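Chain by chain, the residues run as shown.
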Amino acid sequence: MDLFGSILSVAFFAQVLRLFTPYYLGASAANFSERSGVVNIAIEGFMISAAFSFALFSIVFGNPFAGMFFALIIGILLSLLFALFTIKLKVNQIIAGVGFNLLMAGASKFLIVLIFKSSSNTSRFESFYQIPLLKDIPVIGNISGDYIILFSFALVFIGNHILFKTRFGLRLRSAGENPAAGESLGVNVRLYKLYGVLICGFLASLGGIWLASNQNTYSDGMIAGRGFIAIAAMIIGKWKPVNIFFACIMFAFFEALEILLQVSMPDFPTQIIQMLPYFITILVLIGFIGKTKPPAADGISY
Amino acid sequence: MNKRIIVNIVSVLVSIFVTFLLTSILILLIGKNPIDIFVMMFSEVLGSGYGIGQTLFKATPLIICGTGIAFCFHASLFNIGAEGQLNAGAFVMSLVALKLGALPLVIALPASLLAGFIISALVGYVPAIIKIKKGVSEVITTIMLNFVIIALVNYFLIEFLAVKSTVRTEKISDSLMLPQLSDYFNSFQGSSANLSIIFALALAVFFYFVIYKTKLGYKIRALGYNETASKYLGIRTNALTIFSFMLGAGLTSFAGMNFIMGYKGYYELGFSNNIGFTAIAVALLAKNNPLGIILSSLLFGFLDFGGLAVNTEIPKEIMLVVQALVILSIISINKLTEKYLNKQKI
Amino acid sequence: MKAVEFKNITKTFGNFRANDDISFSIEKNSIHCILGENGAGKSTLMKVLFGSYKKDSGEIYVNENPVNFKSPLDAIKSGIGMLYQHFMLIEDFTILENVILGSEITAKTGINYTESKRRLNSLIDKYKLDLNLDDKVSDISIGAAQKTELLKLLYRDSEILIFDEPTAVLSPIEVENFFKIIRNFKEDGKTIILITHKLNEVKEIADEVSVLRKGKLVYSVKRENLDIKELGKQIIGDLELSIVISDDNLQAPEAKAEFEEIDVLLSLQNITLTENGLTKLFNINLDLHKGEILGVCGVEGNGQSELIELISGLNKNYTGLYSKNVRKISLVPDDRLKKGMIKEFSIGENLLMRLPGKNVFSKRLLKEKEQEVIAEYDVRVPEVGDIMENLSGGNQQKAIVAREIKLNCDVIIFSQPTRGVDIKASSFIHQKIYNEKMNGKGILLVSADLDELLALSDRLAVLFKGKIVKIFAGDEFLSGKQNSKELIGKIGQLMIGMEL
Numbered sequence: 003m004d005l006f007g008s009i010l011s012v013a014f015f016a017q018v019l020r021l022f023t024p025y026y027l028g029a030s031a032a033n034f035s036e037r038s039g040v041v042n043i044a045i046e047g048f049m050i051s052a053a054f055s056f057a058l059f060s061i062v063f064g065n066p067f068a069g070m071f072f073a074l075i076i077g078i079l080l081s082l083l084f085a086l087f088t089i090k091l092k093v094n095q096i097i098a099g100v101g102f103n104l105l106m107a108g109a110s111k112f113l114i115v116l117i118f119k120s121s122s123n124t125s126r127f128e129s130f131y132q133i134p135l136l137k138d139i140p141v142i143g144n145i146s147g148d149y150i151i152l153f154s155f156a157l158v159f160i161g162n163h164i165l166f167k168t169r170f171g172l173r174l175r176s177a178g179e180n181p182a183a184g185e186s187l188g189v190n191v192r193l194y195k196l197y198g199v200l201i202c203g204f205l206a207s208l209g210g211i212w213l214a215s216n217q218n219t220y221s222d223g224m225i226a227g228r229g230f231i232a233i234a235a236m237i238i239g240k241w242k243p244v245n246i247f248f249a250c251i252m253f254a255f256f257e258a259l260e261i262l263l264q265v266s267m268p269d270f271p272t273q274i275i276q277m278l279p280y281f282i283t284i285l286v287l288i289g290f291i292g293k294t295k296p297p298a299a300d301g302i303s304y
Numbered sequence: 020m021n022k023r024i025i026v027n028i029v030s031v032l033v034s035i036f037v038t039f040l041l042t043s044i045l046i047l048l049i050g051k052n053p054i055d056i057f058v059m060m061f062s063e064v065l066g067s068g069y070g071i072g073q074t075l076f077k078a079t080p081l082i083i084c085g086t087g088i089a090f091c092f093h094a095s096l097f098n099i100g101a102e103g104q105l106n107a108g109a110f111v112m113s114l115v116a117l118k119l120g121a122l123p124l125v126i127a128l129p130a131s132l133l134a135g136f137i138i139s140a141l142v143g144y145v146p147a148i149i150k151i152k153k154g155v156s157e158v159i160t161t162i163m164l165n166f167v168i169i170a171l172v173n174y175f176l177i178e179f180l181a182v183k184s185t186v187r188t189e190k191i192s193d194s195l196m197l198p199q200l201s202d203y204f205n206s207f208q209g210s211s212a213n214l215s216i217i218f219a220l221a222l223a224v225f226f227y228f229v230i231y232k233t234k235l236g237y238k239i240r241a242l243g244y245n246e247t248a249s250k251y252l253g254i255r256t257n258a259l260t261i262f263s264f265m266l267g268a269g270l271t272s273f274a275g276m277n278f279i280m281g282y283k284g285y286y287e288l289g290f291s292n293n294i295g296f297t298a299i300a301v302a303l304l305a306k307n308n309p310l311g312i313i314l315s316s317l318l319f320g321f322l323d324f325g326g327l328a329v330n331t332e333i334p335k336e337i338m339l340v341v342q343a344l345v346i347l348s349i350i351s352i353n354k355l356t357e358k359y360l361n362k363q364k365i
Numbered sequence: 136m137k138a139v140e141f142k143n144i145t146k147t148f149g150n151f152r153a154n155d156d157i158s159f160s161i162e163k164n165s166i167h168c169i170l171g172e173n174g175a176g177k178s179t180l181m182k183v184l185f186g187s188y189k190k191d192s193g194e195i196y197v198n199e200n201p202v203n204f205k206s207p208l209d210a211i212k213s214g215i216g217m218l219y220q221h222f223m224l225i226e227d228f229t230i231l232e233n234v235i236l237g238s239e240i241t242a243k244t245g246i247n248y249t250e251s252k253r254r255l256n257s258l259i260d261k262y263k264l265d266l267n268l269d270d271k272v273s274d275i276s277i278g279a280a281q282k283t284e285l286l287k288l289l290y291r292d293s294e295i296l297i298f299d300e301p302t303a304v305l306s307p308i309e310v311e312n313f314f315k316i317i318r319n320f321k322e323d324g325k326t327i328i329l330i331t332h333k334l335n336e337v338k339e340i341a342d343e344v345s346v347l348r349k350g351k352l353v354y355s356v357k358r359e360n361l362d363i364k365e366l367g368k369q370i371i372g373d374l375e376l377s378i379v380i381s382d383d384n385l386q387a388p389e390a391k392a393e394f395e396e397i398d399v400l401l402s403l404q405n406i407t408l409t410e411n412g413l414t415k416l417f418n419i420n421l422d423l424h425k426g427e428i429l430g431v432c433g434v435e436g437n438g439q440s441e442l443i444e445l446i447s448g449l450n451k452n453y454t455g456l457y458s459k460n461v462r463k464i465s466l467v468p469d470d471r472l473k474k475g476m477i478k479e480f481s482i483g484e485n486l487l488m489r490l491p492g493k494n495v496f497s498k499r500l501l502k503e504k505e506q507e508v509i510a511e512y513d514v515r516v517p518e519v520g521d522i523m524e525n526l527s528g529g530n531q532q533k534a535i536v537a538r539e540i541k542l543n544c545d546v547i548i549f550s551q552p553t554r555g556v557d558i559k560a561s562s563f564i565h566q567k568i569y570n571e572k573m574n575g576k577g578i579l580l581v582s583a584d585l586d587e588l589l590a591l592s593d594r595l596a597v598l599f600k601g602k603i604v605k606i607f608a609g610d611e612f613l614s615g616k617q618n619s620k621e622l623i624g625k626i627g628q629l630m631i632g633m634e635l
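Chains as they are written, first to last, in this note's numbering: chain A, 3 to 304; chain B, 20 to 365; chain C, 136 to 635.
To be clear, the hints were calculated from the coordinates, so they are not data collected in a lab. Don't take each hint at face value.
[Unchecked claim] Have a look at the derived ranges for each label pair, beta carbon to beta carbon:
#	chain 1	residue 1	chain 2	residue 2	range
1	A	Phe290	C	Ser238	55 to 61 Å
2	A	Ser120	B	Phe39	54 to 60 Å
3	A	Gly289	C	Val353	38 to 44 Å
4	C	Leu500	A	Ile274	53 to 59 Å
5	A	Gln132	B	Leu327	30 to 36 Å
6	C	Asn525	A	Ser120	40 to 46 Å
[Said to hold, decoys possible] Distance condition first, Cα-Cα at most 20 Å in a straight line; then the derived SDA-like pairs of lysine to any residue:
#	chain 1	residue 1	chain 2	residue 2
7	C	Lys478	B	Leu47
8	B	Lys22	C	Val516
9	B	Lys335	A	Ser221
10	A	Lys92	B	Lys362
11	C	Lys498	B	Val229
12	B	Lys153	C	Asn452
13	B	Lys153	A	Phe281
14	C	Lys357	C	Glu309
15	A	Lys90	B	Leu360
16	C	Lys263	C	Pro207
17	A	Lys90	B	Tyr359
18	B	Lys234	C	Lys493
19	B	Lys232	C	Ile275
20	A	Lys119	B	Leu360
21	C	Lys142	B	Leu48
22	B	Lys354	A	Asn94
23	C	Lys498	C	Asp469
24	C	Lys163	C	Ile316
25	B	Lys354	A	Ile302
26	B	Lys232	C	Glu479
27	C	Lys473	B	Lys232
Computed from a predicted model, the values in this text were never measured in an experiment. In this text, a Cβ means the ideal position worked out from N, Cα and C, and glycines have one as well.
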């Protein structure tokens, strides 16, 4: 009963909204890329790299905004490299993703040891200044005062508008659905794929930055598969920003529940909750829960 | 045809060279001398029986797992799920070995291996049947299954089977432990290399034979090259897809033998240490040829242990970066050679 | 005024002259039909005009100005629009999105849907296209999809419209509707180029007709002088029945007139095959006998490939009764690269994969089998064991024929066995087919080459729209072969759907 009460509490609800942020940023990242026809399974790697470089540069400059700036620059450069492999060289996108995941996870493990002489943690750093006034709202202050959380909420609407109401979105989607048709009408398909991959790198990086800022440190393994859960959320959300929002809320709920159970019921096997996102995704793919279909030319080099 | 083989070999060598070059630059950036580091690595690893033994030990599961993955890749099945497949298989393998510990080795060992194989193959059945029935790409299903399987193994292990306050099973009977190489050759003293390496080599050679010399192997490669033509050539493509996926996934389970029967005597959470992903790189580097996989696994084993050998100079984690660089350079150089070969033809 | 003028257009692919010195012009505000068999060069010529292909030589004028389009986009800008045979539509998009893509009307915050809809709806009304702009393309009929393609052209102000066999995918009612729309276009001052091989359509709508055969312009006629019979003749050409078998022992192959009931190998009774709502085969009744070559002819896409897949067991979704007295059927498919072989394997490997028995392929066995094929079928390879990709087309085909004959099945299907193969190789293949008949095999020969069919077949079935419209057999067929011109004329008319 105590547990039930905790779930219904405002604090729990606020926790869900906070945990939602990295999932949604990661899932939107994957979505922009896949809508342009490029499968990027290296969301995890991008989040890792951004979380680490954000921590590193925040410490170096003593300013989290400088840290964010450089982490985003690095994220965009890495996604440019990913675009070089997948769009220009047309290598298999999955294998490239496996390679990038290994590269970014490996590089941050390596650099932590090299720079911080620790096998697991960077040193701690000052986090973002919260937004004045908004941060002082009772109960939800640590949501309403957080730039990145607010951005991720806005992204639900911005993302939906860009994808479905603008020329840019129409052309980007044509690249992911039927690039030959787009090209026959004069759409520069590869350029839009590049845009998709770059936006992906930007958003995934922002997700990683938030996770590190939330902990005031980067520790090895802190992304903990969120990049893959983000892909799962995108699939369950049928590649639509609004549906992805609900999928991410569901996964954030699972995570908050898991944290709660670890405290209130230490014997509860949380592995079952951990595997739920992936398990549900498989059910959705098989068609047990709703029907879902990726962009028609997703993953095919053009 | 000969030219194609030569070009392929050259492209692999170029990829390795590019990786070494990039690694050298990385080492230079850190302010160390790459030549010193490489010399140190070579002399530490290859200069002693212990170093060689450890390289063999690290290469063993990669050979096995790489062969399984290559088998799927030959049929154009992108099995990214080896990590989950091999953990499920190895876990059950250790459980059966525990139960059968009292039986003679000739019964208990094959029975445990078979049990592991069957479980991994069943895990491989799931993406295969989903692909055939629902047309869903095996890539996403295998990625998702990795997490599901590992969480399940984790659950059963910790809830029911683990030794208290550890994340491992109990130790299997000593009678089931494989002999160490050092039992035969003194110079391997101290290394964990064991008879699994012989098994791995035999497996790779056997599957080299299956893939390149038998009708079954030809059918599988035909399926991978051209599914439509395969149908017209009388191949039952759906059945073969399931068979290849299950066999390839099943093979990965044997990677657990090296750790369980050859080293620790138990299944431990995280024992696989991403072998299932590293083996993808191993298979790619070898162009899915099992004999080549022996070589590329030895290279990766060398890098893995070599990292430890130079850890005083440079963090051993650099080898993770090197492994990633191997994948990225092999896929890009493959594409560039493909373009070159196509140009030559016209 | 001339909307388009071709002057001495030549386009080659390797040694093949797809367009050979073609010159003619298309009047503005007219419907100009271009006729010809498959491979006559119609589509190639249109792709040259549209900028998809680069011509080898010659000049093109549009509205009496010389043009040199580098890509279809240039052509579109000059007011030319192409309706492809295979639609270029995005299934997941609405009709509206498909049409405006690449030329969107935008406002400050994004696409201006109100204005887009207003403009498109006025086009829809004007030409009576009857489309709902918000429908998803994946949900609409093929006819509506085609109208969506038309709307794309209209939205981009195309004045010269190229239609590449537009009615092939339509039901009869949709065809009627489509012609109405085309007439509206003409009334509105547009120029229409219609590629087709359906004579009845030409008769209904053409202002002028040009016939291509084997890459050349062979005939042009205006509406007032239109004679359908003459057109049919021009399309198929003045074929002389040549003796294709050149073996010394056979002067001319004997055709059998009668077959015994007991010799039936395969029997199809009332077979109907429907795919995605389209009837591909309708009420087929056909027997194949021992020692018989049964020819099947028809314009491509009239059910041949479905018939082959059905008989060879690759497609089992038919209704009706199909009984066979043979265990296995071997098949030489029509497209050797896509269906006929694994091009990454050698001749020996392709053969052994198909042969029963032998599960291990030793080097010696592979070499032995390959040399058997090379010797018996005179296949030229760069070196023994080379992959089939490196063989010439004729040698690839001979190797495939060799493989399928060596399987020693009682029924062999040959689909386009000599397509794209030089004369020497094709007469060699004909000889082998004939030998198999003499060995008592039942042979189904599907071909677009009437020459080949008449020379080899004992009976000849004509397919049109998935139906067997006639089986030429017995004395009628045998004596008809004596006067081949007349017979070919008859067959040609049946193939394009004319009643005799």
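Now for the hints, and whether the structure bears them out:
1. A:Phe290 x C:Ser238: 55 to 61 Å: Violated - the Cβ-Cβ distance for Phe290 of chain A and Ser238 of chain C, about 42 Å, lies outside 55 to 61 Å.
2. A:Ser120 x B:Phe39: 54 to 60 Å: violated (28 Å)
3. A:Gly289 x C:Val353: 38 to 44 Å: Since Gly289 of chain A and Val353 of chain C have Cβ atoms about 55 Å apart, the given range 38 to 44 Å is violated.
4. C:Leu500 x A:Ile274: 53 to 59 Å: holds (55 Å)
5. A:Gln132 x B:Leu327: 30 to 36 Å: violated (45 Å)
6. C:Asn525 x A:Ser120: 40 to 46 Å: violated (58 Å)
7. C:Lys478 x B:Leu47: violated (47 Å)
8. B:Lys22 x C:Val516: holds (16 Å)
9. B:Lys335 x A:Ser221: The given pair, whose Cα atoms are some 18 Å apart, holds under the 20 Å limit.
10. A:Lys92 x B:Lys362: holds (17 Å)
11. C:Lys498 x B:Val229: Distance ~14 Å between Lys498 of chain C and Val229 of chain B Cα, so the pair holds.
12. B:Lys153 x C:Asn452: Status holds; Cα separation ~19 Å.
13. B:Lys153 x A:Phe281: holds (17 Å)
14. C:Lys357 x C:Glu309: violated (26 Å)
15. A:Lys90 x B:Leu360: Given pair Lys90 of chain A, Leu360 of chain B holds - Cα atoms ~18 Å apart, limit 20 Å.
16. C:Lys263 x C:Pro207: Given that 20 Å is the threshold and the Cα spacing comes to 27 Å, the pair is violated.
17. A:Lys90 x B:Tyr359: holds (15 Å)
18. B:Lys234 x C:Lys493: At roughly 8 Å apart (the allowed maximum being 20 Å), Lys493 of chain C and Lys234 of chain B satisfy the hint.
19. B:Lys232 x C:Ile275: violated (50 Å)
20. A:Lys119 x B:Leu360: violated (47 Å)
21. C:Lys142 x B:Leu48: violated (65 Å)
22. B:Lys354 x A:Asn94: holds (9 Å)
23. C:Lys498 x C:Asp469: violated (30 Å)
24. C:Lys163 x C:Ile316: holds (18 Å)
25. B:Lys354 x A:Ile302: holds (15 Å)
26. B:Lys232 x C:Glu479: Holds, at about 15 Å.
27. C:Lys473 x B:Lys232: violated (24 Å)
Violated hints for the displayed structure, listed by number in ascending order: 1, 2, 3, 5, 6, 7, 14, 16, 19, 20, 21, 23, 27.
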